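Given chain A's structure and the hints, the job is docking chain B onto it.
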Amino acid sequence: MSRLGRLWRTTTFQLTAIFIILFIVFAIGILGYIAFQSSINIQQTQVRGIERELNRLEREYRRGGTRGLVVAIQRIARGAGPGIYFVADQNGVGVAGNIATVPFAVLDNPGQHTFTYQRDRPFRASDPEAEDTEGVALVRSFILPSGYRLVVGRDIVERRGFAVIIFQAFFWGVIMIVILSIIAGVFTARRVLRRLDAIADTSNQIMSGNLSMRVPVTRRNDEFDRLATNLNAMLDRIEQLMQAMKQVTDNIAHDLKTPLTRMRNKVERALHGEMDGEAARAALEATISESDQLLKTFNALLLIARIEAGAPASAFETINVADMLADLVELYAPVAEDAGLAISADAPKGLELVANRELVGQALVNLIENAIKYAQNGDLTGGRENQVTVRAYAGENRTVFEVADKGPGIPQAERERVLQRFVRLEESRTEAGSGLGLSLVAAVARLHKGEIEIFGNDPGTLVRLSLPGAPPQ
Amino acid sequence: MKILLIEDDRDTASYIMQALDEVGHVTHHAADGDTGYAMASSMDYEVMIIDRMLPRRDGLSIIESLRAEGNTTPALILSALGEVDDRVTGLRAGGDDYLAKPYAFSELLARVEVLARRTAPAEAATSYQVGELRLDRLSHGVKRGDNDIVLQPREFRLLEYLMRHAGQVVTRTMLLENVWDYHFDPQTNVIDVHMSRLRAKIDRGQAKPLLHTVRGAGYMIRE
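As you go down the protein sequences, you meet chains A and B in turn. Heads up: the first sequence runs through residues 38 to 510, numbered per this note's numbering. Heads up: the second sequence runs through residues 19 to 241, numbered per this note's numbering.
Here chain A stands alone, though its shape is the one from the complex:
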């Protein structure tokens, strides 16, 4: 039951069944129509044949009188064929013809009649059934002016036979259709079931923890393959998210545990009075600044989470890019100068961008801070000016920001990775920072449906943040 039942319950199979029924109904309709039309056609042909013969016989009658007619009938009646001829006298007694009797009702009422009669000879020598069968006659009867009755007609058993043939053809046709459809239905249903089972198996394995499983994709490129491709893309995304989450959890554990432990130790030592008042005070102040740093990390994490949940569009406003860059560079100029760097802004006047001002600001701040922080360590310019450049220009349908430095740069292989949360290059582990700066920039880029790309600046790093939204000019 279970296998057959499953087969029956598939949509494909039920659709097949519905189509079988519909097909049979149509077939009945079409074949019925054909049979009906053909029978009418045959009848009309027969009636016309009868009328032609009547006309001929009438001419014989006019030429030779009753006697001439009887002679003609006797001549015609000797030949084989479906024709029926009968002449009776005034009293209805047969005089000539190829059938024995005709009912009186037919003889007395001129016009068209149908009646059964006893055949006394086969129509054709080859017709085996015709020996002793009842015939059915379609006739026109006619009362001659002499009082004689003339009956001319056709045997219509042939016509009935035609209906039987059509019906038989129809019957076998339907049976063939049903059988073939069921076979086709089972075949397609099983095919669909196999594909679905593959998907179900995969999802079962994934549910039981094997996230690396993927739905098999065939080369047919049909709707199942499209579904499978989409499912696989979804699974890739889920796996990425899971890995990212795992990594974030690991990193939080590591990056937050260390300062917390350090804080705890300081407070403990201060508490147990191993220090004098001044040292204890310093320890507490260090604790506060360290916890401020932790709060900043948490704020950054929360901000990234909120951005990724999608900031409301109402926070978008028109930003004058040149002013914004000038302000930011003014804010960071003293910091850069202290670090032995020059910082400069370059943006065309009147360049505007519709975006979330605070988030774009935060993203640029992060990039500028990174540039300053890493460029001051390694001046690889060999005496050239160590410069941080903040640039903005209108790209194709987008506003492009570039922050470039002449620092040690980021190795090609790491450029994708540093955008992830808490990822810090080994060389910079000792620097202050949470490892969240670039992930926040990446989140801001995603929120604005833009991109962040990292290039080499030969030497140094060039980070390009491009946000869509054509500047209005």
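Calculated from the structure, these hints are not laboratory results. Small disclaimer: the values here were computed from a predicted structure and weren't measured. Cβ coordinates follow ideal geometry from the N, Cα and C atoms, glycine included. One or more of the hints may lead you astray.
Listed next, the stretches of chain A that the computed footprint assigns to chain B, with coverage defined by at least 3 CB atoms under 8 Å from CB atoms of chain B [claimed, not checked]:
(1) 328 to 334
(2) 361 to 374
(3) 399 to 409
For chain B alone, kept in the frame of chain A given last:
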């Protein structure tokens, strides 16, 4: 100072109350929106600290109702939401300042004290004086004793903000928000660098410094 705290989390509330008590403020506490609104409209407070998400009645609607009744007590909104847009809605509802959780207590305290002073008429002053340092808002001139001090426009605004809140702790975030109008969070000590430059111009060579660093909190200008 008499402060009303409307906060539904018991731990947070008792911590804030204790801390405010230590610096000499009297704090009344309401644990839900209805009680808080009743207390705010029946008694006079100098500052209200209102959590945004409260049982029975949310913080913003309390502030809106109070403002509609003509109550102008400065209100500081605390929020776990803290997104840029939330700050705008909060201030639009009639809040005077907005602080997102998690925050440092020093930040909260500094903001409360600045808010309490905001009602004072010093706001409209055309000049500020701290010791022998004098800032004239109309002529943009700054003098220490008889010596003119030349400041960049931004340095002038920085000093102006500090002097308007002379004797009060001003946090780095407050400076960033009020002097630069930035509502984001630099990881580096960018404010400290600006402060040290300002300090060099004001206090260098002086026997008695006016600009003070308050450790773990921010800066203060005083005699």
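Each hint tested on the structure:
Check on the segment 328 to 334 of chain A: 4 of its residues sit with their Cβ under 8 Å from a Cβ of chain B, so the three-residue criterion for coverage holds. Chain B is given as covering the segment 361 to 374 of chain A, and this holds because 6 residues of the stretch bring a CB closer than 8 Å to a CB of that chain, at least three being needed. By the rule of at least three residues with a Cβ nearer than 8 Å to a Cβ of chain B, the coverage given for the segment 399 to 409 of chain A holds, with 5 such residues.
Comparing the model with each earlier hint shows no violations; every hint is respected.
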